[in-house]
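Residue numbers (our numbering), protein chains in the order written: chain A, 157 to 890; chain B, 51 to 130; chain C, 51 to 130; chain D, 107 to 339.
Simulated from the structure, these hints should not be mistaken for lab results. Do not rely on the hints blindly, as some may be mistaken.
Listed next, the stretches of chain B that the computed footprint assigns to chain C, with coverage defined by at least 3 CB atoms under 8 Å from CB atoms of chain C [claimed, not checked]:
id	stretch
1	72-78
2	89-98
3	110-120
Facing chain B, according to a computed beta carbon distance under 7 Å, are these residues of chain C, among others [what the hints assert, rightly or not]:
id	residue
4	A74
5	L78
6	V83
7	E84
8	I88
9	S89
10	R90
11	V92
12	L94
13	D95
14	V96
15	V99
16	K101
17	E127
18	C129
Beta carbons: idealized from backbone N, C-alpha and C, even for Gly.
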Amino acid sequence: MTTAAVDIDLARSFGLKDDEYEKVLSIMGRTPSLTELGIFSVMWSEHCSYKSSRLHLKTLPTKAPWVIHGPGENAGVVDIGEGLAAVFKMESHNHPSFIEPYQGAATGVGGILRDVFTMGARPIANLNALRFGAPDNADTKRVVDGVVRGIGGYGNCVGVPTVGGEVNFHRSYNGNPLVNAMTVGLAQQDRIFLSAAAGVGNPVVYVGSKTGRDGIHGATMSSAEFDAESSSKRPTVQVGDPFTEKLLIEACLELMATDAVVAIQDMGAAGLTSSAVEMASKGGIGIDLELDHVPQREANMQAYEMMLSESQERMLMVLRPDRTEAARKIFEKWELDFAIVGHLTDSGRITVRHKGQVEADIPLGPLADEAPIYDRPTEPYDVPAPLTTPADPVGIEGALRTLLASSDIASRAWIWNQYDSTVGGQTVQRPGGADSAIVRVEGTKRGLAMTTDCTPRYGQADPYVGGAQAVAEVWRNLTATGAKPLAMTDNLNFGSPENPRIMAQFVQAVKGIGDAGRALDFPVVSGNVSLYNETRGEDGQATAIQPAPVIGGVGVFEDVAQSIGLAMPEEGELLLVGETRGELGQSLWLREVCGREEGAPPRVDFAEERRNGDFVRGQIQQGAVDACHDLADGGLLVALAEMVMASGNGCKLQTAPHGMAEHAYWFGEDQARYVVVTRQADAFMAQADAAGVPVRRLGHAGGETLQLADDISLTAQQLRDLHESFFPHLMGAE
Amino acid sequence: MKVRVFVYLKEGVLDPQGKAVGHALQTLGFKGVEDVRISRVVELDVDAVDKAAAQKQGEDMARALLANEVIEDFRVEVCA
Amino acid sequence: MKVRVFVYLKEGVLDPQGKAVGHALQTLGFKGVEDVRISRVVELDVDAVDKAAAQKQGEDMARALLANEVIEDFRVEVCA
Amino acid sequence: MKTGIVVFPGTNRERDMVQALTLASGQAPQMLWHQQDSVDGLDLVVLPGGFSFGDYLRSGAMAAHSPIMNAVRAFAQKGGYVLGVCNGFQILTESQLLPGALLRNAGMRFLSQDCHLKVEGRDSAFTAGWQTGDVFRAPMAHGDGNYTAAPDVLDRLEGEGRVAFRYCNADGVVSDDDTRINMNGSARSIAGVLSENRRVCGLMPHPENLTDEAVGGTDGLPLFKGIMEAMGV
Ligand SMILES: Nc1ncnc2c1ncn2[C@@H]1O[C@H](COP(=O)(O)OP(=O)(O)O)[C@@H](O)[C@H]1O
Ligand SMILES: [Mg+2]
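Next up, chain A with everything else stripped away, as it sits in the complex (with noise of 0.2 Å):
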């Protein structure tokens, strides 16, 4: 391997553009050799560098009081109160999971825990956003499997609660499912750490796991199409070692309770070369690393592959040198390696020796400040017209029945009963229970709420609104529950930036982001760009996936005994706040009911969501209301059947209003409104009114039916058996 002639084929091979090339040659001022080759080709990856979508990530709101670290550290920090912080980010592993579901899945958990916990926070809770091909689709059912199996063996060996997450199916998805897994951690303000090194002559400290040759070159082939060469091109598969992860959190927390670390940085894509680089890079310093010392797992490694190797379960950090004795014990007593490998310099290079040999000598300041930014072309896009109502095929009944046993509204229990998500003591709302999942922070009163949302369909007709609404939509999430929100991350899955039209998609998105977060004081503190996720076919033509600009957003609550669920209680009146136009463009009931993808996605108006929701929130507080649940896929009738399923008490309810088509009213897709349940309803309704806030007499709760008319009664169980048949059918007979 060492052997192989450094040029511009090799250049090419490793993905790096002409261009690219060039300016490595002209930084070096000679032939790179393998070693550099291999870290300027990792760290100009779309990956590492971001260079498609940095100059619109710079576009996003990122700043409020509340903010203590947005974007450019490993998590986002947000103030939760109490000298408290939340730190949280989402991360894909979108291609590994693929070629091998279980691996890829759970080493995708492994990396976002370590993003959290690498800034000082102990991990409280994991999320996930999973998106796969269509139900009938030949792989689903093994990258289904793979991908669950693999998020709860890890999430749950490492004892941290799956909490929540989201499922689509898709046809766009079938050569390339999205896997975006979200952590929340818990930190004290005044104990948070960060990656800029300091201090020349520190020591460079390696914990976890050993070096072996996993996934060389997974930064440059996440950021690669799919093609059919690529399973020749399969790195090693980084296979993922909860056991191991557990103890490098216990490890790190007990060291960083301590005066030892002066930064630290998680080994994540692109392993030893980003965290050195990151870290000496933002520290404004040098740093000299000596690979013999690297704890290995295999014989006869070479510098190239050490450090481009992904080995999971590692960690680098810069320590004091007094308290490297200290810190080298704590490391001993959690049976993990602790070796110094190298130590700061003031040379403003990273430079990297291997048997007596200089492998790799290279000026930071180009590496990282050079690194090449595109402002790539985009084609405008049509957005599609409004949709005139369709007439109804099927009567109400009959779509609430199809809808309900559909592939992206079907109870999940099948998934989130194999995630532990009551481990850790502090789970108020397990997933289904609202519409965030709420954990206490632990010796508080206080909660937060979290969840994770996007509607891809909506952002494939218009990317703008697919960005917005999915905003919306956690934003709503977390204020259906009481709490306040604070803010989210993103993970934006989109095809390939090279295709205007993709590229296209992926500002309008952005935009959509940002303009949603600005309007509803919710900004940007965390997130993660994967691209290129198209699947090429037999006739060389490339297919994006639907756009998923997932966003995962963060909520607080002073007092968690104030948070609701949306559960039916057993009495009640329901109200229906915000505005309903019956907007079946794009919705489920089109898809579901008559197979057509069409339309103009539901309008998102920030104003009218700002407003509604901060009038619910208010009520919530005040104690005005018993259940709550915001209105998404599958609109009002949908809604308000999930409420009955999840406690088995049931509601009547009164006819749709005169004026709209009934299947318009009760599947209608349109955004910035609840259903809430309460005994004041008066009050309530007099205080909405006063507030500017439509709100609409839906009936009561109480009885053992969802009862629409006379003709339409169902009880909760044959609500559920329909909404649970989904997942074990697909999964076949176990």
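Chain A is already provided as a structure; the job is to place chains B, C and D with the ligands on it using the hints.
What follows is chains B, C and D with the ligands alone, placed relative to chain A:
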């Protein structure tokens, strides 16, 4: 006919179980122990006319289900 | 010396994994498959003077940790 | 009264257990590291849930050989109270402080959902907080909870009243073959067992996760109240 399918991790793939077991054995006082790898054997009866057919069935089953060829290799033995 | 410890469920102990795999194989169309048993193989290097010593070490390790004799039996093979 | 919670590498429900014991007794338990070789001075030792040593090889196998387990064994022989939940139960069977073993769940999937448990008899500290026949809800979270033992061992356990808890439905109906009720496939629907002297108890579900009204309910609290009462707290 009895068929045994041995399924083991490919060379170079991390074996977290083997690592932990090796460590535990050393703690228990088995000092010279090294290089612990854990694999599995699936033993089953197949309905085959001869050894070659049984061997083929074993390989087909390994490819279809028993081994995950992305990270594992396998070997089939037919025992009489 | 290379030692292999085979650990398998005792006769009469239900093997949920074997059962599930047997079922899956049949669903995949492997019709004649029966009696699927899955066992674990721990392969390791021991520091032993001769085959007998290696065999003994293998057995000791099986009793000490590798097998749970309440439900499992084991067999040790020394390979060269 | 002094309680201790053993932490092995990979244990992950120790904080949940601290919370439950503190709520029930008003006293914070002591944390015990697996390499300690003594549990002197304690009245109750708890082995909490998790994935000790990753649950690699077999759940609980490596933990059963940790130095502290010799001390726990001696403690149990002297009549000390020992509670093992989930991974703790697996460790107790692997250490042969309790009979039987826990195999992979019959459905081969990790199970994380609420189950119902029936209290088979109240003549132990671990069951005294309920009435015989009471049914309570408890979360499960395990991959290897399928209890098995030789038929004669099972007969003996039943004969001696050493089955502490069985899986049942919300109405108390036990049905070994119904996978909605006996979800992990345990022999005779056994969810928890007692030692001969009734002072060692192991069970798979997690009563410690339902001990606080603010976090899901208090269905599991009687377990801890019962222990405290038996020990005169
Ligand atoms: N879409 C995005 N929006 C906002 N911030 C982003 C986005 N994508 C990435 N970031 C931020 O850029 C930084 C680098 O991200 P990334 O390379 O994914 O981190 P890591 O190296 O931990 O994998 C992080 O601070 C991340 O939060
Ligand atoms: Mg990071």
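Check each numbered hint from earlier against the structure, then list the numbers of those it violates in ascending order. Hints 15, 16, 17, 18 contradicted; others consistent.
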